[in-house]
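Student: Next come the chains, spelled out residue by residue.
Number of protein chains: 2
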Amino acid sequence: MHTFSELLKVFKKNFENQRFEKSPEELYSPINYTLSFGGKRIRPVMTLMACEVFGGNISTALPQAIAIELFHNFTLIHDDIMDKAPLRRGRSTVYKKWNSDIAILAGDTLFALAYQYAIQAETRLLPEILKIFNQTAIEVCEGQQFDLNYENCNTVTVDEYTEMIRLKTAVLFGMALKIGALIGGANGNDAQHLYNFGINLGLGFQLQDDLLDSFGNEKVFGKKTGGDILSRKKTFLYIYSLEQSNTTDRKRLLYYYNEKKIAPKEKIDGVTAIFKKFGVEEVARKLINNYLRRGLQTLKQIDASKENIEQLKDLAFKMINRDK
Amino acid sequence: MHTFSELLKVFKKNFENQRFEKSPEELYSPINYTLSFGGKRIRPVMTLMACEVFGGNISTALPQAIAIELFHNFTLIHDDIMDKAPLRRGRSTVYKKWNSDIAILAGDTLFALAYQYAIQAETRLLPEILKIFNQTAIEVCEGQQFDLNYENCNTVTVDEYTEMIRLKTAVLFGMALKIGALIGGANGNDAQHLYNFGINLGLGFQLQDDLLDSFGNEKVFGKKTGGDILSRKKTFLYIYSLEQSNTTDRKRLLYYYNEKKIAPKEKIDGVTAIFKKFGVEEVARKLINNYLRRGLQTLKQIDASKENIEQLKDLAFKMINRDK
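Protein chains in written order, with the working numbering: chain W, 1 to 324; chain Z, 1 to 324.
No lab work stands behind these hints, which were simulated from the structure alone. Note that CB positions come from ideal geometry on N, CA and C, so glycine has one too. Certain hints may be false.
[What the hints assert, rightly or not] Footprint (simulated), chain W over chain Z, 3 or more residues, beta carbon under 8 Å:
| # | segment |
| --- | --- |
| 1 | 76-82 |
| 2 | 99-111 |
| 3 | 139-145 |
Produce the complete structure using the sequences and hints provided.
Tutor: Written out as structure tokens, the structure reads:
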């Protein structure tokens with residue numbers, strides 16, 4: 001069985017040289033530009049890994065791995081319009097480099113291209129694969145809408161936040177693993193176990209992301225900490241602190257988070273001080289480990305070789321105890 | 001076999017009472033709002049009709065008919081953002097009533113919902129159905145991009161325009177008929193003949209649309225003529241006239257079409273005078289009849305009862321020699 005980095009290499013080789021040489025150029029340029037960005041490619045690797053865990057040949061899961069990465073990139077292009085994000089992975093976003101009309105259409109096209117790859121499987125597997133693909137696509141949209149709703153709302157609870165990241169992030173991890181498993185020959189139960197494994201990984205992954213942004217080691221993390229604070233992102237750290245706050249803490253937190261005239265460093269320090277007051281870093285780490293534990297628990301139920309399950313465990317630790 | 005209006009009644013009964021009662025409300029309200037607009041529902045009726053032509057029971061094609069109508073509505077929501085259209089069918093567009101973020105997401109969700117219905121067919125038919133569904137989705141995006149490209153371009157040829165409306169409009173007619181045929185039990189050749197029939201119908205339909213907007217009978221057409229001229233839409237009439245123009249005519253046409261300070265009536269009169277000079281109404285009618293003839297020609301090749309083919313002929317005349 002291949003390791004994560006071996007699978008990543010296989011995926012990159014099959015994906016990153018691929019260009020859509022079609023007309024109109026105005027549509028396909030932003031698509032090719034987006035796909036050339038790189039990125040961690042975690043989701044497609046999960047698909048390949050899940051396929052191999054159940055004895056499948058990774059080449060059979062390659063179209064679905066590509067479908068999932070295309071789908072993920074479609075959501076990024078549309079999210080960047082809504083978030084008015086000028087940069088992604090250090091480069092101009094599509095809507096900034098071109099315009100939002102082109103970004104809408106390039107996203108729509110990527111969504112359709114994703115389906116073109118998703119259907120490249122044995123016919124008997126199509127109903128199951130497409131059912132989870134459609135359901136996930138709808139849920140990711142729902143998650144993004146919740147995210148937009150919460151942007152100007154200061155009464156979001158940790159439960160609501162968790163449901164939002166489940167929809168926006170975790171279901172795609174679940175789907176990537178489930179589809180890989182189905183193609184690899186897993187039975188329905190095992191495919192569902194891998195889905196649940198993915199959900200836990202996704203939730204832990206996102207919390208870890210929130211944590212690294214405020215408490216990461218800048219040298220290892222590769223970017224300045226405090227970005228989420230400066231962009232007033234509703235993270236677990238913020239929502240948990242707000243939930244714990246008395247009236248004064250609440251006022252303080254809202255002041256530092258929302259007041260635009262405060263200098264960046266003062267803002268980050270002000271918010272981080274409140275995070276620290278509520279021990280939010282420890283709370284988050286505990287929660288992350290909970291998700292890790294629950295994820296590993298689901299692996300005990302699947303019918304695959306011990307050696308193969310080791311790879312999934314490695315994946316879990318890679319996703320969750322990462323420092324970048 | 002049912003008539004067009006009987007099939008329309010069946011479709012409406014199964015579609016228009018349906019509401020998506022899901023959360024978040026901010027996402028599903030604009031979707032339900034859009035679907036309650038009504039509309040001609042031509043495309044889904046085509047699917048039901050094609051199914052019945054080959055002996056299928058229309059209930060088996062209902063999910064795909066719904067899928068096609070959902071897909072069509074997804075494209076309308078996104079197009080309205082790009083076209084900055086405030087109204088559709090006399091009511092506020094989603095992006096105007098809510099905002100463009102919500103319109104992007106509501107469209108994306110409708111696209112995914114469309115696939116949820118599209119896959120409700122016999123497993124053995126899924127590869128063929130989804131292949132044409134994906135291809136069409138991609139082509140419709142390409143067509144919309146060409147449309148955007150041509151907005152600020154005065155050298156578009158009639159051929160380029162025709163290819164644009166093939167992609168933006170006709171392929172959806174072709175797909176609606178082809179999928180219905182496949183579900184009805186048509187063989188691959190006959191399904192393809194119906195696709196080609198649909199392409200010709202779609203091209204004729206769009207030209208007719210251009211024609212009615214400038215030369216329609218306002219009382220029958222139900223809206224004021226000249227709307228396309230006032231919104232500077234690149235129609236067949238405009239592009240053909242531009243292609244035929246000498247330098248002076250060209251200046252005149254561009255002046256009346258683009259100069260913002262001219263009163264609406266003067267603008268419409270100025271442009272229509274040039275259209276008339278080039279006999280554009282007759283040229284368009286001839287072209288429309290060409291598409292009608294070619295469409296009817298394809299029907300001679302299909303293996304279905306004479307009575308059933310009569311319904312398709314009726315459809316062609318309904319689509320093409322319509323006056324509203």
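Student: Next step is simple, just say for each hint if it's right about the structure.
Tutor: Hints versus structure:
| no. | hint | verdict |
| --- | --- | --- |
| 1 | 76-82 | holds (count 3) |
| 2 | 99-111 | holds (count 9) |
| 3 | 139-145 | holds (count 4) |
Violated hints: none; the structure is consistent with every hint.
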